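Relying on the hints, combine the two individually framed chains into one complex.
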Amino acid sequence: MAEIRVENLHKSFGEFVAVKNSSFTVASGEFFVMLGPSGCGKTTTLRMIAGLELPSSGLIRLDGDDVTQLRASARDIAFVFQLFALYPHMNVRKNIAYPLANQGVAKPEIKTRVEEAARTLRIGHLLDRSVSGLSGGDRQRVALGRAIVRNPKAFLMDEPLGALDTELREAMIAELRALHDRLGATTLYVTHDQLEAMAMADKIAVMNKGVIEQFDTPQQIYGRPATLFVADFIGSPPMNLIPCRGPLAPGATTVQVGETVAGIPAVLDGTTATDLVLGVRPEQVQLVDEGGLRGEVFGAEYLGTTQIVTLRTGAGTVRARLSSAETVTVGAPVGLAFRPEKLSLFDKATGRALRTAWTVAAETKGHRRG
Amino acid sequence: MSTSAHSVVEPTGRTKAIAGSLVIAYALITMLPLVWIFLTALKTPPDSISYPPKIVFTPSLEGFCNLFTTRSRQTEDYIKSLPPASGTCEQIARARNMVVAGPSNYVPRFWNSVVIAFGSTFFAVALGTMAAYGFSRFRVPLADDLLFFILSTRMMPPIAVAIPIYLMYRELGLSDTKFGMILLYTAVNVSLAVWLLKGFIDEIPREYEEAAMIDGYTRLQAFRKVVLPQAATGIAATAIFCMIFAWNEYAFAVLLTSGEAQTAPPFIPIIIGEGGQDWPAVAAGTAIFLVPIVVFTVLLRKHLLRGITFGAVRK
Ligand SMILES: Nc1ncnc2c1ncn2[C@@H]1O[C@H](COP(=O)(O)OP(=O)(O)O)[C@@H](O)[C@H]1O
Ligand SMILES: [Mg+2]
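Those protein sequence lines, which keep their order, are chains A and B. In terms of this note's numbering, the numbers along the first sequence are unbroken and rise by one, the last being 1519. In terms of this note's numbering, the numbers along the second sequence are unbroken and rise by one, the last being 689.
Derived by calculation from the structure, the hints in this document are not laboratory data. Be aware that one or more of the hints could be misleading.
[What the hints assert, rightly or not] Which stretches of chain B does chain A cover? Using the computed rule of at least three CB atoms under 8 Å from a CB of chain A, they are: (1) 580-586; (2) 597-607.
[As the list claims (entries may be wrong)] SDA-like, lysine to any residue: derived pairs with alpha carbons at most 25 Å apart: (3) K1243/A / T607/B; (4) K676/B / Y1236/A; (5) K1260/A / Q595/B; (6) K599/B / S510/B; (7) K1358/A / G1500/A; (8) K599/B / N1300/A; (9) K1243/A / P579/B; (10) K599/B / Q1252/A; (11) K1256/A / T444/B; (12) K599/B / L1219/A; (13) K599/B / Y1236/A; (14) K676/B / A625/B; (15) K1243/A / R580/B; (16) K599/B / P1237/A; (17) K454/B / T444/B; (18) K599/B / A1255/A.
If you're wondering where the values come from, they're calculated on a predicted model, not measured in any experiment. All C-beta atoms, glycine included, are put in the ideal place defined by N, C-alpha and C.
Just chain B, same shape as in the assembly (with noise of 0.2 Å):
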């Protein structure tokens, strides 16, 4: 067989086998912590801090219920004297001494979650796709410079301007409103939305709306009919980016927010204090705060992956 160092060869049986292998160690290691938070999302607490550590137990809802619940330790002979458990999260608790006093705080955070990310997606993609389109299109004075601006505001961790952001939101009124977060993050994303959504709209031809505007569309229409659709890639590709970040977002969630606007990454952590080291229901937490983002980004992957390798894969 002769082939020059340039031609592309067909993978040999043993090559294919090896770097098959290798995805799938690489694939292991990083799953692995994922396979352990659904692991320990169905155990019990006892199950969960054992040592050895088990792999193989009986799955339990425990975590669920406690996730989902808030609790009150009661003597045996008063929950003797109730009437038979009503359901299974009820039955759990009797067994541990317990009864379920209310629902938890971990619906209304984590609606909190789905607002302000969706919320600040929404503001950053918007605002990033007009403003990318006046620096792509239009004459703007000092161009160069505001987009300089514009990236400097990335150029340090956010979490550097906590504490004035922190004092200026106290102010201000917008501690722990979900409309400060809002604005924190837009404010935060907007930046990586101009630059990636400018590069987009820059490949995108302007005779197209220049000749949309010619057959008779004004600026606006041709715009909305024509360079939307044709940056649809470069905006899904931009909203998964801002959606993990918001998602994820913890120091200043943190911060600035204690209850009303609470998001779920600072409330997850506080589970563990309710009655003793509570891993399950910690886990049950971070596994369903996992599902809407890994559904967001397996929807808009086939987006997200020719946004990375932009320019390649087009056309």
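Chain A on its own, in the form it takes in the complex (with noise of 0.2 Å):
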């Protein structure tokens, strides 16, 4: 298993800037997931680490090696496609000995190595099916065991479940997690569905426009966002972005949002800027009966255990995940406060969130998984 390292990658079609600046590296034997909405160059970023596509600039590394101009086929590194690229012609065993194949392998090596993978992979009895007879499951599945039959330096996963239905992608991602934390293997796993990411990884990358935003565990990416862009794109429903005012400074543990004052982290530089955006977790929401921002009840979406409340403020929508327990009346008045320890303040023209208690207990006690 081998570490891939990219540096400044970039990539230009014409005009066009699919892929700016790029630099990330995945350790050996982490599940690493490129988390960003459809169009946002997260295939093109992996297709260059693949060999698909040549960069515009930059280097990719393969356990130190730059592999940049490689051909793909000299890379060792196997790309698990989301249409499953099964050969149609073969059937399944065919199909995940079709890699093996052209290496040289011995026959009766090839046939211990596929049975194995279909082993790991609990498709044993399917190997000598055609593959148009599969479900979308077992076609994964067979793609699954094309890849690591090669025993590649790495594995590349663009959407490998977005064709799934909703049911059986919540069953193969936990199958997949397993199989990586089996096999230890170097893991670039792409996906716009940031469920698939939280329940996956063990790094995330969250890319916008070409750009990584933010590279963190989920729990960071999720609880102290760099950007306001990955402030809304995680979390369903997402943080609340509420408008408040600057400047702030140094030390300052208070913001004004509308006509209440917010407590927020201490921030550590202040700011000059004057349009501020407060972050709130829907679960950072209190209800309260007197002060705190004034609004009134819109609606509530009942989920069990919880609800999502919506709250109509003169600050804008604010939604809310109480517990159920707590009876809300629509058009009820009521006041909102929000737990401060927790809270992201972001300046709202470059978008970057300010330094604070809160993100800098990170950055000093560090925060892995595992």
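What follows is the structure in structure tokens.
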């Protein structure tokens, strides 16, 4: 297994820049997810790493070796496509054996390795079936089989679950992560689905318009979004982004939101910007009878143990995740208070998060999974 | 029975009967000329021009004999002086005061047709597949203009350029050569092949080759082992279209070939001239000429059907 290091990777198609100076590292054995909306350059990045597309500039290193200009076939990387790309004119066994057939691997060894891969993926009973009759999940398993049978340096997966229905997708998420833990393979996984990313990743890179906006653990991305885009993209419902007013002095612990004042984690450097945005996760919103940001209940969405309550306030719509035990009446006037310690603050003009006691806590502690 | 306008209803016996008789009537109309050709091939020359036409007649091999042989007229005395006739054709010839002088040119002309049709089909499809793959997969500069240019070669009837080609071929020494005819038919067919095959190859997801290339295959290997098998339907359909054109082509064949490389289509009408209106021989030549293209089409018909209804049937 290998480390993938990408340095200042850049790709333009004519005038259009698909990937802008991307840099990140996938550590050996890590499950790395690249997350972003459709068209943000995820596939292009993956194709450059695989060798299917040449970068306009930048470096790609595999275990330290520069492979930027190397042919796809010489990189020893496996790729799982969204469309599975199984060869319809071959059966399952031949499909899985295909990468080995060309490498001069002896017949008996091919047989054992194919059967081992099939066992790992629990598709041993399908080996002699034609791929055209298989279900979506089984096709995806065959595609994975073709990838793992080679024992490659790394796996690249481009929305491999995108073509499956929701139920199957959830099962495959667990299966994929378990497979990764068993093989310990360096995996670079691309998706536009934040739930997939959150559920599987060791590290996530959130990408937008060809730029990596944040590169961190799922917990950090959720808890401490680095930009407004990340704050808005991650979470369901997403973070409430409430306009508030600067400037803030260094050490400030409150900010003016509409007619009320909200507590925030201590701002480190302060800011001169006048337009700020307060980022509040729905679970950080509390209802209070007196004071707070005044508004009224607009609607409630029952989710079992919790409910998502939509509130209309002078500062815009705010969504709160409350216990279902709390009763809310549509149209009733309420006050909103925010639990201050984990709130985020953004400069509206640059879109970047301000450094606060909360964000710095992460920098000093370091925040790693496992 | 309640059926909405969109539901598919099992056809009733009566609609089936009507549809069936329509199909049969149409088949009869289209097949009648073919049947007439086969019947004429088995008639004697007098039977073939009798009026009213004969439906019932004694079959004769005279047409086939006349097709495959040349005969010379002799005096009755001379024929009587010959030893007994050795074969059916000799017997038939003597009955008409003739003797078989030798084989006709039909077999070599037919063979020319085979060589030229298969040869040009092979080259048109081979070149077309590679060009189509290139246009489909690579960023070819001016691709759209080039494709339009390729298509534009078919916008006028090929015979419109007959004179220039005739002069060119004469200068280059390509007149009446098999190579020249293969070259010409390939040139005419390759544009059709590129366009048809590009459509087919566009439909094959490029991920298939990319997967193979990541798995250690070169592009050429991926093309051969992954693209070609999946384009088989398109290649077969294209081959049939090219084949039919090359096999039936008449105008250029008349213009550019006269001996060495003459194909069957310009040869068959010539037979008429040899000894009166020999319709049975012409019909026999036509009947035999139809066989290979029918066999070829029947062999590939599954592909042809899928090719025509492409997209609707696939996947
Ligand atoms: N070969 C190409 N030529 C021109 N534009 C392309 C090409 N490939 C991708 N793009 C553009 O680059 C952008 C990023 O594409 P892609 O990497 O596929 O996005 P994602 O996988 O994140 O959805 C898209 O806007 C797409 O239109
Ligand atoms: Mg994509």
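Now the hints, each set against the structure:
{"no.": "1", "hint": "580-586", "in the structure": "holds (count 5)"}
{"no.": "2", "hint": "597-607", "in the structure": "holds (count 3)"}
{"no.": "3", "hint": "K1243/A / T607/B", "in the structure": "21 Å, holds"}
{"no.": "4", "hint": "K676/B / Y1236/A", "in the structure": "21 Å, holds"}
{"no.": "5", "hint": "K1260/A / Q595/B", "in the structure": "23 Å, holds"}
{"no.": "6", "hint": "K599/B / S510/B", "in the structure": "17 Å, holds"}
{"no.": "7", "hint": "K1358/A / G1500/A", "in the structure": "14 Å, holds"}
{"no.": "8", "hint": "K599/B / N1300/A", "in the structure": "23 Å, holds"}
{"no.": "9", "hint": "K1243/A / P579/B", "in the structure": "19 Å, holds"}
{"no.": "10", "hint": "K599/B / Q1252/A", "in the structure": "15 Å, holds"}
{"no.": "11", "hint": "K1256/A / T444/B", "in the structure": "63 Å, violated"}
{"no.": "12", "hint": "K599/B / L1219/A", "in the structure": "22 Å, holds"}
{"no.": "13", "hint": "K599/B / Y1236/A", "in the structure": "10 Å, holds"}
{"no.": "14", "hint": "K676/B / A625/B", "in the structure": "31 Å, violated"}
{"no.": "15", "hint": "K1243/A / R580/B", "in the structure": "19 Å, holds"}
{"no.": "16", "hint": "K599/B / P1237/A", "in the structure": "12 Å, holds"}
{"no.": "17", "hint": "K454/B / T444/B", "in the structure": "20 Å, holds"}
{"no.": "18", "hint": "K599/B / A1255/A", "in the structure": "20 Å, holds"}
Violated hints for the displayed structure, listed by number in ascending order: 11, 14.
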